[in-house]
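Residue numbers (the working numbering), protein chains in the order written: chain A, 1 to 223; chain B, 1001 to 1325.
Mixed in with the good hints, there may be bad ones.
[As the list claims (entries may be wrong)] Now the in silico label distances, taken between C-beta atoms and shown as ranges: (1) A:220 / B:1061: 41 to 47 Å; (2) B:1029 / A:220: 41 to 47 Å; (3) A:83 / B:1056: 48 to 54 Å; (4) A:51 / B:1200: 34 to 40 Å; (5) A:67 / B:1106: 36 to 42 Å; (6) B:1106 / A:83: 38 to 44 Å; (7) B:1109 / A:51: 17 to 23 Å; (8) A:220 / B:1200: 55 to 61 Å.
Keep in mind the hints are simulated off the structure, nothing from the lab. Here a beta-carbon is modelled for each residue, glycine too, at the ideal position from N, C-alpha and C.
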Amino acid sequence: MNRSIDWPELAQLLLTATGETLYMVFLASLFTLVIGLPLGVLLFVSRPAGLRPMPRLNRLLGALVNLGRSLPFVVLLIALIPLTRLVVGTTLGSTAAVVPITIGAFPFFARIVENALDEVDKGRIEAILAMGGHIGHVIFKALLPEALPALLAGLTLTLVMLIGFSSMAGVIGGGGLGDLAIRYGYQRFNNQIMVATVLILVLLVQGVQSAGDRLVRGLAHRR
Amino acid sequence: MIQVQQVSKVYGEGQPPALDRVSLTVPDGAVYGILGRSGAGKSTLLRCLNLLERPSSGRILIDGQDLGALSASELRRQRQGIGMIFQGFNLLHSRTVEDNVAVPLEIAGLDKKPRRARVLELLDLVGLSDKAQAFPSQLSGGQKQRVGIARALAAGPRYLLSDEATSALDPETTASILQLLTHINRELGLTIVLITHELAVVKAICSHAASLAQGRLLESGPVGQLLADPQSALGRALLPDYNLPFNGSQPEAELTFFDNQRAAPLLQQLSRQQGLPLKVLAAGVETVGGQRVGRLRIAAVGADAGKFQQLLSALTRRGIRSERL
Chain A
1 MNRSIDWPEL AQLLLTATGE TLYMVFLASL FTLVIGLPLG VLLFVSRPAG LRPMPRLNRL
61 LGALVNLGRS LPFVVLLIAL IPLTRLVVGT TLGSTAAVVP ITIGAFPFFA RIVENALDEV
121 DKGRIEAILA MGGHIGHVIF KALLPEALPA LLAGLTLTLV MLIGFSSMAG VIGGGGLGDL
181 AIRYGYQRFN NQIMVATVLI LVLLVQGVQS AGDRLVRGLA HRR
Chain B
1001 MIQVQQVSKV YGEGQPPALD RVSLTVPDGA VYGILGRSGA GKSTLLRCLN LLERPSSGRI
1061 LIDGQDLGAL SASELRRQRQ GIGMIFQGFN LLHSRTVEDN VAVPLEIAGL DKKPRRARVL
1121 ELLDLVGLSD KAQAFPSQLS GGQKQRVGIA RALAAGPRYL LSDEATSALD PETTASILQL
1181 LTHINRELGL TIVLITHELA VVKAICSHAA SLAQGRLLES GPVGQLLADP QSALGRALLP
1241 DYNLPFNGSQ PEAELTFFDN QRAAPLLQQL SRQQGLPLKV LAAGVETVGG QRVGRLRIAA
1301 VGADAGKFQQ LLSALTRRGI RSERL
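Bound-form chain B, shown alone (with noise of 0.2 Å):
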């Protein structure tokens, strides 16, 4: 578990924070996406949790680990347990990709032998076993992410933190990288925390969501509870989206819900109930952290507002999350 308590980063004195007050909990067995424009402070966030940035004030504890009470060979221990995978990827140039792979477990003092076992065992995970001999420079972004994946694994860490992995690759690669760190997640059980500025990474892979802007945490928790939350801004950019403007001639609602079998006939039934025909003007389903989520815009027909909000309330005391226009 990570814990980011109370963190602050100031640069220079007058400057605004980078970091203003952060807290948030990264829970074992997560994929936490932290959300954010450029110049949000994501990235200063992100090397707090390996003390590449000390913060200026609060406490980062992994584990219940205080990283900042850490002696400097002990914090170099503690970052062996913590893979880190760049946008730039930070290969070493002057290495073959097995040599790249093996920096790890070079700094962790492992025999020439059991190393390279390890390193020939992590380029087939990350499925580049033929490559094991090039250079950095004679390969794709993708196959170079890769490369960083396998030595952010070697040394067998608890945790990855990525930094904007994905932001310089093509959406084919991004999607093959993102499937990846889905596998590193669920089969080596990883905790992975991951900042991002594309909302379709967090759709994509994350169990637990938070957005920073301007050095501030607006928002965090599982995906799950922020798209049930009507008031998540996060919440309602992760949901399905259709662009359909609504031209206020007839009251139109928004519902959400996460159950795709009973949403449709309990429309259904309340609709027939309050003699008020409904009309669907929009649908879509994604999987948002590995849940279904359906929208609907509906319309009542006939414009009878009292009974189109009574309709909307007895959705939402049944667990469909509805918002009037």
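Here chain A stands alone, though its shape is the one from the complex (with noise of 0.2 Å):
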């Protein structure tokens, strides 16, 4: 069947499974970044030849990356079904799609974080241990600040890839944007509903974009 929708529901709908998917992505790219920073720095300084070498965590931690980041999205979030269960109680609704969505995302940002350190410049590493400063030393007035620039560059690539993730998890009933687009456009060949779900999502990663390379830029200017 295809019964259109009068607009107050229309706009009803939309204005829910946006903010359902803002909601998944703002939590889920919070948690991105609480696990994906310290990992990508941990993953960075653990080198062989790194600051603090330990060459068999580093090992392990980067098997785990590739890992995360080899398995194709939609595999991962049926996958993770019985930890999403274990951690929140339930697999359905936005709150249960941040898991898997979360899972997805850190190990990509993770290495972001690490290759975004490496371009640091060896030699203001080099200048801090030469004042007496420690590793932390590095990593908060060295590494993560010089940094900084592309790590912003990075987040706003992860977040784009965090708003296809979201989407993603309509699969299984993870609200949001996707799920309107599986429920509405898909089954019910809804195409008001398609065409203004692709419209928003496009607006969002457009919005995400510019703002992130803005702030790239300014922060670029002064230095």
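Combine both chains into one complex, guided by the hints.
What follows is the structure in structure tokens.
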């Protein structure tokens, strides 16, 4: 059936779904940042020639990160259902979707962090060490601040990916714009909804990207 | 005092050592220049002095303290007393000039107020008070190095290590940075160890010099001593230079002297005594390591080789170094 919905109802549906998407993206990006940033730093400093070489830990973490990145997100989404139930208590809804989204995104972000830190001039690290600084000084005075533009660009990239992931969460009933698109656009052939969700997603991604770009440019400008 | 004792550094098996049993002593108050081509091991040696690079064998003693025997936290404290400046400046681009200079003070745990006071004092010393709020990217190379020097001095070190600090700068800027280093050495009493591939740097400011090739120390000592030693290749390299080929048609010799007032009359006197007229072919006077050094190329007129040799021996006995060509 192809029942058309009236405008107020449409607006209501879109508003709720957009809210759910933003909720998922916000929470998941928060967790991705909280887990991925320290993990990326750890990956960098534990390298065999790093500041605090721990080759075994480095290999283990590297393998885990690669594992997380090698699974297609849809597979991860389904494979992680038991874990989600364990953590959130349910497998349905936006909150439940945050678990697989975070797990899908943080390994990616950790690698971005590791690469961003690797781009920092080694001489600046050496300068901090020569002053008598310890590894904490190196991380917080040199590595992270010096890599900030690259980290922000990487975060923007990750956010865009997260928006994509959150839409896919519709597959397991995660709510949000993806869910709406599947239930109305795909299962009920409602083109209004389909077009509207596509538009909102495009706007969202554009907004995130240009905000990120502006921040990075602003930082790079004074450096 | 810094003592380097039999220090070797090997990076990989089968590779030639980057440093091969290097020993030298840097006395307090010295400006110690280590010369060498790129790849000679200068940089490795300098990095051994604050243990950024750990020697494979041998010891580094700073004021009698063996760096290798220190715990990690003791080593960090020791490093606070050894400033370092770099060819690439290595300033933090995310911080203003003022905040860059403050880094060692933050590491030392100084409070914000005394920190700021100290930073302004240092910026004044290096002549950059007006650039406190600028970012490193807005500065010229010479200005960046001045910030680097202010930063290196912030924690009040006794030693300053300079890793090719002027190699990326133009000659004029180099001269002003060298002047600043001399000022720091004289006024603040810092002992400076610098590595460079530029002879001119050693000539300009060093009291001591050493040369390094393929990881080995060829020569080392006070510049005056090196200059006076006819066997010293480094001493010869530091002498005033004039490009005058020797064609062998007449007996010629190079004279080196440190006392201008005495050398010329002495030469005249000896020339008259021996009845051997002399010709001055070339002359040069320079200040090397704070010492005036003169150089003369003389030729015997009439080509009496025996008499010429006698005259040279007489000069040598009176403290003028001579070399027959």
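Checked against the structure, which of the hints given earlier come out wrong?
8
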